[in-house]
Amino acid sequence: MTSFLLGALWGVVGVVVIAGGAVIGVWWERKVAGRIQLRYGPQQIGPAGSLQMLADVPKLLFKEDVVPSGADKPLFKYAPLVVFAPVAAAIAVIPFAKGWAMFDTAVGVLFFLAVPSIEVVAILVAAWAQRNTYSALGGLRAASQMIAYEVPRALSVAPLVLLAGSLRPTDLVAAWRWWWVPLLALAFLIYLISSIAEMNRGPFDLPEAESELVAGYFADYSGMRWAIFMMAEYGAIITTSLFAAATFLGAGWPFDGALGVVALIVKAAALVTLVMWTKWTLPRIRQDQLLRFCWTVLVPAALVQLAIVGVVLPWL
Amino acid sequence: MATEELTLNIGPSHPSTHGVCRLVVRLDGEIVTHVEPVIGHLHRGIEKIAENRTYLQVVPLTDRLDYVGSMYANWAYCRAVERLAGIRVPERAEYIRVIVCELQRIASHMMGIGSSAADTGATSAFLYAFDQREKVIDLFEALCGARLTYNYVRPGGVAFELPDGWIEQCRAFIEQHPSAMLTIDEFFFGNAIARVRLKGIGVLDADTAVAWGVSGPAARGSGVDWDLRRDDPYSVYPRFDFDVPLGSNGDCFDRARIRLWECIESCRIIEQALDQIEPGPIMAEGLPRLLAPRPGDAYDHIESARGSLGVYVVSDGSPRPYRMKVRSPAFCNLAVLPEIAVGYTLSDLLVILGSLDPVFGEVDR
Amino acid sequence: MRIEELRERVCAMYPDLCPLFSIEFGDGTIAVPLERIHSALADLKDMGFDRLGMVTAVDRGEDFELVYRLQSRTLRAGMFVKTMVPRSDPKIPSVCDLWPAANWQEREVYDLFGVVFEGHPDLRRILLPDDWVGHPLRKDYQDERIIRRPDYI
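Chains as they are written, first to last, in numbering that gives the first Met the number 0: chain E, 0 to 315; chain V, 0 to 364; chain L, 0 to 152.
You may find that some hints are simply not true.
[As the list claims (entries may be wrong)] Computed list of chain E residues with no C-beta within reach of chain V, every gap over 12 angstroms:
| # | residue |
| --- | --- |
| 1 | 33 |
| 2 | 135 |
| 3 | 163 |
| 4 | 306 |
[Said to hold, decoys possible] In silico DSS-like links for lysine-lysine, alpha-carbon gap of 27 angstroms or less:
| # | chain 1 | residue 1 | chain 2 | residue 2 |
| --- | --- | --- | --- | --- |
| 5 | E | 30 | V | 134 |
| 6 | V | 47 | L | 138 |
| 7 | E | 30 | E | 72 |
| 8 | L | 90 | L | 44 |
| 9 | E | 58 | E | 72 |
| 10 | E | 58 | E | 76 |
| 11 | L | 90 | V | 47 |
| 12 | L | 81 | L | 138 |
| 13 | E | 97 | E | 76 |
| 14 | V | 47 | L | 81 |
| 15 | L | 138 | L | 90 |
| 16 | E | 62 | E | 72 |
Think of the hints as simulated: they come from the structure by calculation, not from any bench.
C-beta: ideal position from N, C-alpha, C; glycine also.
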């Protein structure tokens, strides 16, 4: 019973962290995009527009909840939640400090790679439920892209697991040494690229390609249901950045304790900014080019990195 | 596995149809097998309305044709009317017309390049282009008070004298413009993803371009060396030294990038025009309040940002045109879309449409 | 090419049509009988007029005047070819086989004037909706939504 209550508590904390992170993330993205695009971004509400989301969230909440007449209503209504839940779940296994995660399990790394992938099913369901050609195309694109990029993403985390000799994320943090950074630089790059593709962010945002598919798999969503899709997207950015900061970049290193958590968050925030910077600088790639890039560049490169680590491992 | 073609209806309201174009597309997976543009959603019957207006009242209507480059339609119409009524335009007015139309070319090409960028997802490059467009539009606002529909070029000359300090503002603009173009060139056309998205896409060969009546940057991207400013010189263009940039591959990359170089050439023309312009009248003298040219018909064309824009005016001796016809380059350029878009993917289709840079006010009239 | 040279070239080709070549407002115009329009345009295309600038029509009462604007890159000249099509039976051969550019242009003339282009691959309305009644650019077009111009202007 206590473990159930504890789980529920952590669940609430996780959702709050993700939602709060999404709110800050949206504001930060608008500031970053503004700076890149010769404009200011939000600046009217609060210092540097930081309270903009206080105005935006009520607006989204009070918007009419439009359900298209041809839509499959139950699927249409609940798909956004199924999109959001696995993303929120992923935060549970992230080691925020040495030896501590909300849900410190022996298969944490597998959990982190596998659970957010359930999102694919939810996206397909959402795309299909709208009974709309654009969202159907977007959903199909999303499915092929997310499934393809699972492979390099998992392969890029494999060298970490080899080096640490464990699938427990806290063990990864404990085993981390500074020379992992140069050794795993390639894996880190592959992880970042495939994660960006995995969460449908620019330049790999074809499932929601504004210019051809309008908004892709969430074309007909509006108001809060649409906001949940956006929250899931920002949640994915935050969790993948946190995971990368914790495992590839040594979590709180060089600090310990509370200062370590701050260091982790700063590293993650830098990665989040990098992801946004990429999106606002680069054009969008095409579907066939995207898949070709995955299978002919990323997967072989990830295998090479795995082989390098495998070869040097006996001497370490 | 049994597969069937998917029919996708794009538009008339869609983020990248550049107006109100409807495309009925048949898709085999993501490959376009057939595309049919359905136009006319913005048809306002301007040619019919013009038959009920006096010659001067038609000028504001021509603003509404190509709303990204209103000055061109103004000018082409005024040239046809001047030809018909035998009006001699003062030299200063000709220079001002050249300056504003070259500025208009920059503003319009910024829209073209910007939308090519936005179609491939490069929203930042789009805003870099729009920053430059904004500066041109500020210049126009200072000149005639309007930002989009200028109604500035009138039969016989131009409506207003250049305001004080305008020439200096214009010089300041053309000084910074080429370097801004080089920034966009590096930032967007130099980008690896932009190159794979634009190169080899929507190839239009020179013979097809000529046969389909494609003109302007869309044809010059295919290497059709045809620019009315040089090949059928009008106004004071023979006095300027400028080059006509040409593409070689006829793909989206060349069509979009040609516009960039044309903007730099436009800066050269404006600079020379600002050096040569002299004080004088800006409106022909002795014009009647109500123009009533003798019966006949006249045609005149100018090189607009989209191609050869022609206006054909028929007079029956009354103060209203008997018939006005606009030969719109966007209409002719769009007609070639089904020829060049088949076989590419859906993502490419909209990039190809954007590279032809149609403006639907002009297509539908 | 100067307009007089153009006139000589055209006259050499069509001695009988030479009196119908007029120069007005700096543009050369040749009036061709309806039955010879297609062959005349084909000959002019061979002469070097590689671009079909526009196809349009003017309502002249009993007839429609069809206007073809040709442009040549090699000769650096432009000219008009005009022909009269009777209002009672507005039919004219299509020139889509010579210039594909005529495709949409002829559809537009069909749409707004009701001139039928024989041999056109896809003669449908283009600017107006498919179920529109009438051809608006004809001078006798009636529609209750048209607001009449007051007489005092």
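(request) Over 12 angstroms to the closest beta carbon of chain V is the bar; see if residue 33/E clears it. (result) violated, 10 angstroms
(request) Verify the proposed pairing of residue 62/E with residue 72/E, using a straight-line Cα cut of 27 angstroms. (result) Measuring from Cα to Cα gives roughly 18 angstroms; hence the hint holds.
(request) With a cut-off of 27 angstroms on the C-alpha distance, tell me whether residue 47/V and residue 138/L pass. (result) holds, 9 angstroms
(message) Holds or violated: residue 30/E and residue 134/V, Cα atoms, limit 27 angstroms.
(response) Holds - the C-alpha atoms of residue 134/V and residue 30/E are around 23 angstroms apart, at most 27 angstroms.
(request) For the pair we were handed, residue 58/E and residue 76/E, check the Cα-Cα distance against 27 angstroms. (result) The given pair, whose Cα atoms are some 19 angstroms apart, holds under the 27 angstroms limit.
(message) Need the status of pair residue 90/L, residue 47/V: alpha-carbon distance at most 27 angstroms?
(response) holds, 23 angstroms
(message) Tell me if the straight-line CA distance from residue 30/E to residue 72/E falls inside 27 angstroms.
(response) With a Cα-Cα distance of about 36 angstroms, the restraint between residue 30/E and residue 72/E is violated, given a limit of 27 angstroms.
(request) Determine whether the non-interface label on residue 163/E survives the test: each CB of chain V must be over 12 angstroms from its CB. (result) holds, 35 angstroms
(message) Holds or violated: residue 81/L and residue 138/L, Cα atoms, limit 27 angstroms.
(response) Distance of about 19 angstroms is within 27 angstroms: holds.
(request) Please work out if residue 47/V and residue 81/L have their alpha carbons no farther apart than 27 angstroms. (result) This hinted pair holds, its Cα atoms lying about 21 angstroms apart.
(message) Hinted pair, alpha-carbon criterion (27 angstroms max): residue 58/E, residue 72/E. Please report holds or violated.
(response) It holds: about 23 angstroms lies between the C-alpha atoms, which stays within 27 angstroms.
(request) Below or equal to 27 angstroms on CA atoms is what counts here, so check residue 97/E against residue 76/E. (result) Violated. Residue 97/E to residue 76/E sits at ~40 angstroms, over the 27 angstroms cutoff.
Hints 1, 2, 7, 13 from the list above are not met by this structure, while the remaining hints are.
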